[in-house]
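Q: Mind docking chain B on chain A? Use the hints.
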Amino acid sequence: MGKPLDLVVLVKQVPDSGADRVLRESNFTVDREASDSVVNEMDEYAIEEALRLKGEHGGTVALLTMGPEQAVTSIRKALQMGADAAVHVTDAALAGSCAVKTSEVLAAALGTLQWDLVLCGAESTDGQLCVIPAMLAQRLDVAALTGARQLTIADADSTGERVGTIQRQTETGYQTIQASLPAVVSVWDTINEPHYPTFRDIMAAKSKPVSTLRLADLGIDAAEVGFFGATSVVTSVVPRPPRGAGVVIDAGADAGAKLVEFLASRKLV
Amino acid sequence: MSSDNVATEVLVLAEHTDGTLSKTTAELITAARILGEPAVVLLVSGSSGEASGGSSDATVDALCAQLGELGVAHVVLARSPEFGLYLVTPVVQALAQLVRERKPAAVLLTASADGKEVAGRLAVLTGSGLLTDVTELHGDGTATQEIFAGSAIVASRIITGTPIYAIRRNAITSQLAVPVQPEVHTVEVLLSASARASRILDSVVEPKGNRPELTEASVVVAGGRGVGRAEDFQLLEQLADQLGGAVGASRAATDGGLYPHQFQVGQTGKSVSPQLYIACGISGAIQHRAGMQTAKNIVVINSDSTSPIFDIADFGIVGDLHEVLPQTITALRERAGS
Numbered sequence: 001m002g003k004p005l006d007l008v009v010l011v012k013q014v015p016d017s018g019a020d021r022v023l024r025e026s027n028f029t030v031d032r033e034a035s036d037s038v039v040n041e042m043d044e045y046a047i048e049e050a051l052r053l054k055g056e057h058g059g060t061v062a063l064l065t066m067g068p069e070q071a072v073t074s075i076r077k078a079l080q081m082g083a084d085a086a087v088h089v090t091d092a093a094l095a096g097s098c099a100v101k102t103s104e105v106l107a108a109a110l111g112t113l114q115w116d117l118v119l120c121g122a123e124s125t126d127g128q129l130c131v132i133p134a135m136l137a138q139r140l141d142v143a144a145l146t147g148a149r150q151l152t153i154a155d156a157d158s159t160g161e162r163v164g165t166i167q168r169q170t171e172t173g174y175q176t177i178q179a180s181l182p183a184v185v186s187v188w189d190t191i192n193e194p195h196y197p198t199f200r201d202i203m204a205a206k207s208k209p210v211s212t213l214r215l216a217d218l219g220i221d222a223a224e225v226g227f228f229g230a231t232s233v234v235t236s237v238v239p240r241p242p243r244g245a246g247v248v249i250d251a252g253a254d255a256g257a258k259l260v261e262f263l264a265s266r267k268l269v
Numbered sequence: 001m002s003s004d005n006v007a008t009e010v011l012v013l014a015e016h017t018d019g020t021l022s023k024t025t026a027e028l029i030t031a032a033r034i035l036g037e038p039a040v041v042l043l044v045s046g047s048s049g050e051a052s053g054g055s056s057d058a059t060v061d062a063l064c065a066q067l068g069e070l071g072v073a074h075v076v077l078a079r080s081p082e083f084g085l086y087l088v089t090p091v092v093q094a095l096a097q098l099v100r101e102r103k104p105a106a107v108l109l110t111a112s113a114d115g116k117e118v119a120g121r122l123a124v125l126t127g128s129g130l131l132t133d134v135t136e137l138h139g140d141g142t143a144t145q146e147i148f149a150g151s152a153i154v155a156s157r158i159i160t161g162t163p164i165y166a167i168r169r170n171a172i173t174s175q176l177a178v179p180v181q182p183e184v185h186t187v188e189v190l191l192s193a194s195a196r197a198s199r200i201l202d203s204v205v206e207p208k209g210n211r212p213e214l215t216e217a218s219v220v221v222a223g224g225r226g227v228g229r230a231e232d233f234q235l236l237e238q239l240a241d242q243l244g245g246a247v248g249a250s251r252a253a254t255d256g257g258l259y260p261h262q263f264q265v266g267q268t269g270k271s272v273s274p275q276l277y278i279a280c281g282i283s284g285a286i287q288h289r290a291g292m293q294t295a296k297n298i299v300v301i302n303s304d305s306t307s308p309i310f311d312i313a314d315f316g317i318v319g320d321l322h323e324v325l326p327q328t329i330t331a332l333r334e335r336a337g338s
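Protein chains in written order, with this note's numbering: chain A, 1 to 269; chain B, 1 to 338.
Excised from the complex, chain A in its bound form (with noise of 0.2 Å):
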């Protein structure tokens, strides 16, 4: 075994994605008191690899969370995979931070943290936006091996550099890429299958160390961030019009035929 690694791993807390979710009517904000609150699922694909990284190269598995008080029940939730300490950075001047400001409060957040790789899920199901690992890259100098659904990480060689390879989903295939350590990682569903925690590791996982950083910690000014500070502004939200209701047939020895008459009425062949 080489040198072990240090890993921290991102963890969102994020409305249920099989629920009806909605945003406050007052400011277009994600309400999350109003629907449960679950951990993003591809981010337990993330806690899954890095937990494997830790038995074959030994070392620590932090989680970091950025989020409301409340946020720490998904906390507890993601430490029961197996994590040895979360560190939960909650502010309510953080209420309503766009990802460019997310992006911000999470790096410095890291830079107060020891890691040789940050791993996280490649998208969040409720912002999906998909930019803060690369943003997180950007802002901490490093490099990025975004999109994985197969990581390696090589023993270190003679000068003790270390390198991580991933094979990075695309839409085609993929593609193979490799970078120096430290790194950020982003994995998607297709790298493992996480497992369930076992009564031992929920019961350990009551009393695993949870820190809190607030901005203040963390240098950042509670005006540049938040709602108030947010690089863009929703300045509406309409629920998607309802499609027009369609025509439902029962199958007979025609269907297919109508269903031919219907394309070409629209065009479609």
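Be aware that a few hints might be false.
What the hints assert, rightly or not - DSSO-like cross-link-like pairs, simulated, lysine-lysine; straight-line CA separation at most 30 Å: (1) K296/B x K258/A; (2) K270/B x K101/A; (3) K101/A x K103/B; (4) K23/B x K103/B; (5) K103/B x K267/A; (6) K267/A x K77/A; (7) K54/A x K23/B.
If you're looking for bench data, these hints aren't it; they were derived computationally from the structure.
A: For chain B alone, coordinates are given in the frame of chain A:
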């Protein structure tokens, strides 16, 4: 170079492979005209005069000719062998340099995986706001996006820096323009060491046959658990081929091993917005609808009439896809033959 541009220049990052512009590039150019005058940024690997390995002068000429056909008067050309060697960062640095030099009114690029990473990094580097997966753009800079599985439409405006918009593919219909002879401005791009952090060792295309890209296809035929067996996806493939479309699958189908994971449509897979989406044996869980409900026309074939997917169908058939698909294939063949 000096900035001799009017304030309403809008930079558009062209997407191209093997000397051909992507269909989305035309959509971006149409979108850019809503905000100002498009200047298309053409980043090509290889250096001038190089015949092999990189892009030859002939490739650049071909791309400029295609841009001229789209009515683009200004092309900003930068060549560097490094564009193809490192993941997104050389492109980011080139664009950041152009934003500093040309002070455009906005930057438009494609909301692909690479495009969104470029957009995010460019926002950080230029101190700007960004909006991704934009489906509509207005003259005052307001952009619309669909959120929460397409259940709501949000309009937003960027209020910081040079607005960066990553435009969703197939969302904006490209408009014809009067062809012109573009003026090509060649620029020297200076890359720093941090552009070389993530090396691309190889790019592997996994076999997908001759079908169009799922995310670019104007027709998608998708199957779910109801397809039953992996070999029955051949029925969907046959129909897709007749319609010149791509084949997709629900998560239930890919998790169940019926079809390769790369074709998954939905919240955790790809988002598609084709002219026609034919859902076969898909129940229509909210996570699946998230990836396809912006399709212009939705056809549903499912034996369970209570499946939620029927709620968004323009044309639905309650029946066994194993019977309806062969009928459809035959009917299409007869139509083509008549």
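Q: Hints broken by the structure, by number, lowest first?
A: Hint check: 5, 6, 7 fail, others pass.
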